[in-house]
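Between the sequences and the hints, there should be enough to build the whole structure, so can you do that?
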Amino acid sequence: MALVVRCPICGCIYQVTPEELEADNGRLRCGICQTRFDASETLRKVDDDVLDGLLNRRGSAPEPRAAETPAAQPAAARPAAFSASPASERSVPNDTVAEKHPVFCRLNSLSPKLGSVAMPTVVKRGNRLFWPIGVVVLILVILWQLLSLFGPVLGRYVPAVLSARQAVCGVIPCPGPGSEGVNPFAVENFALTPITMDSYEIHLTLANNGAESLPLPVLEVTFTDDRGLIAIRRLVKPEEYAGQGSGTRLGAAKTLPVRFAFTLSGSHPASCTVRAVPQR
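Residues 124 to 403, numbered by the numbering used here, are exactly what the sequence shown covers, in order.
Hint data in this document are derived by calculation from the structure and do not stem from the laboratory.
All values derive from a computational prediction rather than experimental measurement.
Note that CB positions come from ideal geometry on N, CA and C, so glycine has one too.
Warning: the hint list may mix true and false statements.
As the list claims (entries may be wrong) - Estimated spans, in silico, between C-beta atoms of each pair: (1) 324 with 283: 34 to 40 Å; (2) 146 with 168: 44 to 50 Å; (3) 295 with 393: 41 to 47 Å; (4) 294 with 319: 53 to 59 Å; (5) 269 with 362: 33 to 39 Å.
Quick look at the structure:
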């Protein structure tokens, strides 16, 4: 049995010996395209008689015939560009360049048996595995971010989302509202309505984005003037804005509509902001 390998780039086939394979840990260099490749990926065994038959076919390959010389024409009728020249000067196809190539690189096109030997295509499995793994990791990161940022809001309508967020954030720290070190309360749908010259009514929705029931926070109401300076700041306690029937706690992923009035003497603020301050 003879050992043959094929270059994965140009397809040339070479006969090799075990010593040549062990010389550089199975790494070979193609004599045609100068590509270094792993011989173990395309190494095949071929019967000796097949190999001998290929060599015999190459030795008995017919030489190309020279082109037939056209019949001579009278000198007066023959153009000058077609002047007679010796037959030895005619260009005859030769194999000079191919002689520099390995013999199996030429025989590959002459032998259907050798050409039909199955040669696997070189596959870079590392690159193929990288993309699926990278896509899966990217999808998980995006889902984690969405669950962290929008989980509390979606949990008000789909309780399963809140449960999933609690399970995930219990293992991996989650940014966003309701996370450790982040204010779990949010003020939504804020509106300031003037009643009289000095009286204002505030409407808002207090939301608990945390994962558990929490005591009602203190509302910090800040009025600023035209220059953005703080004119008035007041703290409104839960018993002042929640009323008696609302309780003292707000459940996880729950909201509470809030409405209260303010009276300001001698001051005309330009804007108003409300912030929920959790009670310690």
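Query raised in the report: Does the hinted range 53 to 59 Å hold for residue 294 and residue 319 at CB?
Result: holds (54 Å)
Report task. Confirm or reject the claim that residue 324 and residue 283 have a C-beta distance inside 34 to 40 Å. Result -> Holds, at about 38 Å.
Query raised in the report: Falls inside 33 to 39 Å, the C-beta gap from residue 269 to residue 362?
Result: holds (37 Å)
Query raised in the report: Okay, residue 295 versus residue 393 on CB: inside 41 to 47 Å?
Result: Since residue 295 and residue 393 have Cβ atoms about 43 Å apart, the given range 41 to 47 Å holds.
Query raised in the report: That 44 to 50 Å hint for residue 146 and residue 168 (C-beta), does it hold up?
Result: About 19 Å separates the Cβ atoms of residue 146 and residue 168, which means 44 to 50 Å is violated.
In the structure shown, a violation is registered for the earlier hint numbered 2 alone.
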